[in-house]
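Peer 1: Chains as they are written, first to last, in UniProt numbering: chain G, 1 to 104; chain C, 1 to 104.
Source of the hints: derived by calculation from the structure; they are not laboratory data. The structure presented is a predicted model; accordingly, all values stated were derived computationally and were not measured. Beta carbons are placed, not taken as given, at the ideal position from N, Cα and C, and that holds for glycine. Misleading hints may appear alongside valid ones.
Stated by the list, open to error - Quick list of the computed label-pair ranges, beta carbon to beta carbon: (1) 71(G) with 57(C): 54 to 64 Å; (2) 35(C) with 36(G): 10 to 20 Å; (3) 55(C) with 45(G): 29 to 39 Å; (4) 58(C) with 67(G): 44 to 54 Å; (5) 48(C) with 48(G): 31 to 41 Å.
2 protein chains.
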Amino acid sequence: MDQSICPRFEKAISIMNKRWTTLIIYQLLEGSQRFCEIESSIGVSGRVLSERLKDLEKEGIVKRSVYDETPVRIEYSLTSKGESLKPALDQIQSWAENWIETSE
Amino acid sequence: MDQSICPRFEKAISIMNKRWTTLIIYQLLEGSQRFCEIESSIGVSGRVLSERLKDLEKEGIVKRSVYDETPVRIEYSLTSKGESLKPALDQIQSWAENWIETSE
Numbered sequence: 001m002d003q004s005i006c007p008r009f010e011k012a013i014s015i016m017n018k019r020w021t022t023l024i025i026y027q028l029l030e031g032s033q034r035f036c037e038i039e040s041s042i043g044v045s046g047r048v049l050s051e052r053l054k055d056l057e058k059e060g061i062v063k064r065s066v067y068d069e070t071p072v073r074i075e076y077s078l079t080s081k082g083e084s085l086k087p088a089l090d091q092i093q094s095w096a097e098n099w100i101e102t103s104e
Numbered sequence: 001m002d003q004s005i006c007p008r009f010e011k012a013i014s015i016m017n018k019r020w021t022t023l024i025i026y027q028l029l030e031g032s033q034r035f036c037e038i039e040s041s042i043g044v045s046g047r048v049l050s051e052r053l054k055d056l057e058k059e060g061i062v063k064r065s066v067y068d069e070t071p072v073r074i075e076y077s078l079t080s081k082g083e084s085l086k087p088a089l090d091q092i093q094s095w096a097e098n099w100i101e102t103s104e
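One chain only, chain G, in its complex shape (with noise of 0.2 Å):
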């Protein structure tokens, strides 16, 4: 690795390094959700997810979509610049699995 990639790539990371942003970025590969279904799915508080999902949209990682309809739908979603992060997670969660012991 060259050495001037080594402030993306430190971003990339630290991006993905808070608790909880690979689970909704995982939970939101499978479609886009309302803010009650990721919450429900993945179990985080209201409040955390909250502040990620603010955190993932200024990033250009998840997409907020408001719906014009009664009551409002709100949905997130993620961009391609989301979505592009599958083969990095599943090749992270694969050394995980084979090389991190369940009881660290």
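Given chain G, work out where chain C should sit, using these hints.
Peer 2: Just chain C now, with coordinates in the frame of chain G:
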């Protein structure tokens, strides 16, 4: 991703998250090297490199071999666990190259 994977995944990310760690692993993917070779190749301070190598040894990712010569030769190399990180690092690097701005 199953939620039970989460702690192992987080552990994997936390290992990679330390500054210089991934550069050290990339460097050692080329083969075993002496301390001073790694030091000069990636431009890290001796103090930090020494800390990181100890961390990576403790995680079972790097192996330290002492050869009984005069003067004693000490070389660092990746274990199988360490070498298995390559696909994950490559995927993160590729995502970062495509999606992270250099200015960030």
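Peer 1: Confirm or reject the claim that residue 71(G) and residue 57(C) have a C-beta distance inside 54 to 64 Å.
Peer 2: 57 Å, holds
Peer 1: Between residue 35(C) and residue 36(G), does the beta-carbon spacing fit 10 to 20 Å?
Peer 2: 54 Å, violated
Peer 1: Lying within 29 to 39 Å: is that true of the beta-carbon distance residue 55(C) to residue 45(G)?
Peer 2: This hint holds: roughly 32 Å between Cβ atoms.
Peer 1: May I ask you to test the hint 44 to 54 Å on the CB atoms belonging to residue 58(C) and residue 67(G)?
Peer 2: 51 Å, holds
Peer 1: Is the gap between the beta carbons of residue 48(C) and residue 48(G) within 31 to 41 Å?
Peer 2: At 32 Å between Cβs, range holds.
Violated hint: 2 only; the structure is consistent with all others.
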